[in-house]
Amino acid sequence: MASGEDHVYEALRTIVGDPFVSRDREELYMYSRDPGASIPRSADWVVLPSTTDEVQKIVILARDMKVPVVPISGGLTLSGLAVPVKGGIVMDMRRMDRIIEVNERSRYVVVESGVSQGKLLSFLKENYPMLRHSMPDAPPSASVVGNTLIYGSGHLSKHGAHSEMINGLEVVLGDGEVLRLGSCALSPYWFGRGPLPDLVSLFVNWFGTTGIVTRLSLKLYPSHPLRDMLIFLVQDPKTIPQAVSMITSTDMMEDVLIVASRPPKAPSVISLLTVYLTAETHEELDFKKELFVDMFKDFGQEGSRMVFTPKEMLPQKLIHGFMEEPQYAAATADFKKGGGFEYVGVVLPLSKVPVAWKMGEEIARKHGFDPLYTVRNVGLGHGVVFAFAYPFNRADEESLQRSRDALADTNDMALELGGTPWKSELEGQAKIMARMDPVVLSVMDGIKRVMDPGGIMNPGNWKHG
Amino acid sequence: MALDDFKDVIHRCFRCGYCKFTSNYTDFNCPPYNKFRLETFSPGGRMWLIRAMMLKDIEPSQHLADILYSCTMCANCVEECRFKFHDDIVDIIMEGKASLVESGMVPPTARDFFKNIYLSGNPWKEPQQKRGDWARHYGIPVYKPGDEYLYYVGCIGSYDQRVQKMAGAFGQLLLRAGLSFGILGEDEYCDGNEVLMMGEQGLFEYLAQKNIELFKERRVNKIVTLSPHAYNVMRNKYPRLGGDFEVVHYTELLKELISSGRLKVPGGRKIKVTYHDPCFLGRWNSIYDEPREVLESVDGVELVEMRRNRENAFCCGGGGGNFYTDIIGGGESSPSRIRVREAADTGADIIAVACPTCMTMIEDGLKGEDLDEKIMCNDISEIVLDAITSAEEG
Ligand SMILES: Cc1cc2nc3c(=O)[nH]c(=O)nc-3n(C[C@H](O)[C@H](O)[C@@H](O)COP(=O)(O)OP(=O)(O)OC[C@H]3O[C@@H](n4cnc5c(N)ncnc54)[C@H](O)[C@@H]3O)c2cc1C
Ligand code: SF4
Ligand code: SF4
Chain E
1 MASGEDHVYE ALRTIVGDPF VSRDREELYM YSRDPGASIP RSADWVVLPS
51 TTDEVQKIVI LARDMKVPVV PISGGLTLSG LAVPVKGGIV MDMRRMDRII
101 EVNERSRYVV VESGVSQGKL LSFLKENYPM LRHSMPDAPP SASVVGNTLI
151 YGSGHLSKHG AHSEMINGLE VVLGDGEVLR LGSCALSPYW FGRGPLPDLV
201 SLFVNWFGTT GIVTRLSLKL YPSHPLRDML IFLVQDPKTI PQAVSMITST
251 DMMEDVLIVA SRPPKAPSVI SLLTVYLTAE THEELDFKKE LFVDMFKDFG
301 QEGSRMVFTP KEMLPQKLIH GFMEEPQYAA ATADFKKGGG FEYVGVVLPL
351 SKVPVAWKMG EEIARKHGFD PLYTVRNVGL GHGVVFAFAY PFNRADEESL
401 QRSRDALADT NDMALELGGT PWKSELEGQA KIMARMDPVV LSVMDGIKRV
451 MDPGGIMNPG NWKHG
Chain C
1 MALDDFKDVI HRCFRCGYCK FTSNYTDFNC PPYNKFRLET FSPGGRMWLI
51 RAMMLKDIEP SQHLADILYS CTMCANCVEE CRFKFHDDIV DIIMEGKASL
101 VESGMVPPTA RDFFKNIYLS GNPWKEPQQK RGDWARHYGI PVYKPGDEYL
151 YYVGCIGSYD QRVQKMAGAF GQLLLRAGLS FGILGEDEYC DGNEVLMMGE
201 QGLFEYLAQK NIELFKERRV NKIVTLSPHA YNVMRNKYPR LGGDFEVVHY
251 TELLKELISS GRLKVPGGRK IKVTYHDPCF LGRWNSIYDE PREVLESVDG
301 VELVEMRRNR ENAFCCGGGG GNFYTDIIGG GESSPSRIRV REAADTGADI
351 IAVACPTCMT MIEDGLKGED LDEKIMCNDI SEIVLDAITS AEEG
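If you're matching them up, the sequences are chains E and C in order. Start counting the first sequence at 1; every next residue gets the next number (our numbering). Start counting the second sequence at 1; every next residue gets the next number (our numbering).
Some hints could be false.
Said to hold, decoys possible - Sample of chain C residues facing chain E (criterion: CB under 8 Å; computed from the structure):
(1) HIS11
(2) ARG12
(3) PHE14
(4) ARG15
(5) GLY17
(6) ASN24
(7) TYR25
(8) ARG37
(9) LEU38
(10) MET54
(11) SER61
(12) VAL78
(13) ARG82
(14) PHE83
(15) ASP87
These are computed hints drawn from the structure, not numbers from a lab. None of these values were measured; they are calculated from a predicted model. Quick reminder that beta carbons are idealized off the backbone N, C-alpha and C, glycines included.
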């Protein structure tokens, strides 16, 4: 190791203290890979700051030493977004896990960047049972900030994607400046983004290339005492756009999720549409249930119906799983007893679901998979996040490669359909940028140059040319 | 078992992190992960590193040894991992440590631990002939064939001055109940649970066989253990080596003695007690109710629960030999200090323990937090005995 690199290590030790910095092989091994299918890339140091001040000092050090800094908060995107492309310092944010403030009246919470989804969920249940946040079905160790910054979506999908729920940010730029954006820029309240020039978006979906977020204010929503779900068997995926449109036009659901998979020993793929409902009273809940059941009584024809399936007819384990917060979607990783899966998530117009469904089937079969989909409505029919998942066996390189190939084909298909791949790995990012207007790309470059003059922030991501 | 036996399992860890948490996600419940926050110190991180070692992607090292030996074998990961292989996690970590033993790459303190136990029968090189000295003060007899129970005390109960009082309290209760029992005294030897958990399988087998032979020679049928660690190993591991004894933990026996009326517990003074579940009693052996029932049978005891209790209890940080190796001790984020703060939040006067290791760790935690004047750490037997003797004294 060159002496310059030793200097980085010593300086990091001075900033955060001994146990919280490492250049040992064990940590470098761990932070050079994630649970997805990406090929490992190497990290040089791992550091765990505990305050914004420490984050700032680390960024200034990295700027001066010209070494990359890659933030990781939950590390669960599966697409290698928090694995360094060009080595450098991995900044693990998980010691910054304070829930700073809940404003009950204005319904928001301010969290540090290492607060996990699980922690926020349990904290609100215990202390503010009248409030909730939109919980994604990622494992509870995913972070609130990581998920929100990458256009996550979850159990309150009718309110839109999580990035739309950001009220404000505290962020450290690549030159070490600390900014507060949103109402907190001029007041002690973190209640909104407007009416100000909106700079928050400069950190949304940028994968840490424009700055490291240290605090974030997230919108909270009323939590109702009753929560239930309805399940419909989807006979023909072509009917999904119409069905989701009808459901969302009522504005009476919290989340609509379609899952398609082939259970063990089943002859074919089974597709279920689930509608999540909440209510203040049993009467309200019954009313909503009846409304949706009635809605689909005469829907479609034989072979293209949405068949209402009472929960009692389904295995209780399945129902329990559907009702869990978060759902245990990580089970997918054990489908091949292999410890992994990765998916292409695509944000698509609702109308494109049937064709994506069909093309996804072709891709899956071509690579030896059964189709494995989740489709989540986002907003009131304003779009869907369509995830095409490919489980693999981590111990079998051929299996990993098949997943990678299927992911690549799925990205092509998604772009072909006019969709936007979500939290794309490097290859996907390159495909997206290849279709972008060169002027937009140069604006993106310009923004990066302003925010990160030394080019040290998660370099390699959103990099073209 | 060997690491190779898990070669079809180990890659199945997704590193999703359920295992870091309590069941309701309120807190990180893996003590070393909670302290260091590096992914390597999480249960899934250990799984990935052990696999990397199997694949020779990384070599055994002192740092890897610290990572594996900081695991307290608290089994929170077994409880919380959602995958079908969850039962294998602690066995895999144990085998990972065994590989390090084989390659001679264990933390120096672990090496001392093994050596001392091998040479002296206990981790502190205390003289064997003094092992039963503590018992004389309480008039606790030596086991003779025909006695109903062998009272197995263990290393900490035999040599640690504070825990000797715990051992004495339980002995006195047995005497009061009129049970025929005895200790092995200077013939007692380390039970081997920690040695096994730390991967020294050869030494474990040596200790277990030595104990089994002695127990058989003394015609022992029933064993009551002071330590949940001894309980665990004698109940679950000795049978495979030919040691089939009826093993109970002392809280189970106390419960039976109280409910059968052999031990009468009159009302004591009014005290607020919170109970700390030991990992080797709770998560490892699903004994959650008996200790609580004993406490509740003492009139005057108000039992209050800590935020994390039963399956979610936070480990004191002493298991897997950490009470000796001290890899995760020190500072306010040490498990024992976190745990006593949590106990203090309940407003309890007493933290009740049922394990010698927990007792030493919690006592340390109280001192570290400057709470030793405010809250006492008592073992369940001490609480019961105190109720009996204070009633007698009027
Ligand atoms: C089983 C499973 C189910 C899932 N289900 C859902 C779901 O229902 N909904 C959903 O939205 N997602 C889902 N996901 C996707 C993903 O896990 C989540 O969106 C979430 O994990 C991302 O947050 P993270 O904390 O893991 O982010 P990370 O991986 O830590 O980070 C994501 C990106 O943001 C950057 N970054 C991290 N922290 C900061 C910071 N402080 N400042 C600036 N940049 C930062 C990183 O460098 C990286 O580029 C699922 C994943 C899995 C494995
Ligand atoms: S041990 Fe289980 S819960 Fe923990 S990371 Fe691995 S798969 Fe997930
Ligand atoms: S046994 Fe306990 S300390 Fe060890 S990895 Fe599992 S949860 Fe962590």
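Hint-by-hint comparison with the structure:
Interface hint status for C/HIS11: upheld, as the beta-carbon distance to the closest one in chain E is roughly 4 Å, under 8 Å. Because the closest C-beta pair between C/ARG12 and chain E is about 4 Å apart, less than 8 Å, the hint holds. Hint on C/PHE14 holds. Least Cβ distance to chain E is approximately 4 Å, under the 8 Å limit. With its C-beta approaching chain E no nearer than about 5 Å, C/ARG15 sits inside the 8 Å limit, and its interface hint holds.
Taking 8 Å as the C-beta contact cut-off toward chain E, the hint placing C/GLY17 at the interface holds, the least distance being around 3 Å. Below 8 Å, beta-carbon pairs count as interface contacts, and C/ASN24 has one with chain E at about 5 Å; its hint therefore holds. Interface restraint check: C/TYR25 against chain E, minimum CB-CB distance 3 Å, threshold 8 Å, status holds. Because the closest C-beta pair between C/ARG37 and chain E is about 5 Å apart, less than 8 Å, the hint holds.
The beta carbon of C/LEU38 is positioned within 8 Å of a beta carbon in chain E (closest approach about 6 Å), and the interface hint is therefore held. Annotation: interface hint on C/MET54 violated; nearest CB of chain E at approximately 10 Å, more than 8 Å. The closest approach between the C-beta of C/SER61 and any C-beta of chain E is roughly 7 Å, which is under the 8 Å cut-off, so the hint is satisfied. Taken as an interface hint, C/VAL78 does not check out: its beta carbon lies about 16 Å from the nearest beta carbon of chain E, beyond 8 Å.
Interface hint at C/ARG82: satisfied, since its Cβ lies 6 Å from the closest Cβ of chain E, which is below the 8 Å cut-off. Checking C/PHE83 against chain E: minimum C-beta separation of about 5 Å stays under 8 Å; hint holds. The closest approach between the C-beta of C/ASP87 and any C-beta of chain E is roughly 14 Å, which is over the 8 Å cut-off, so the hint fails.
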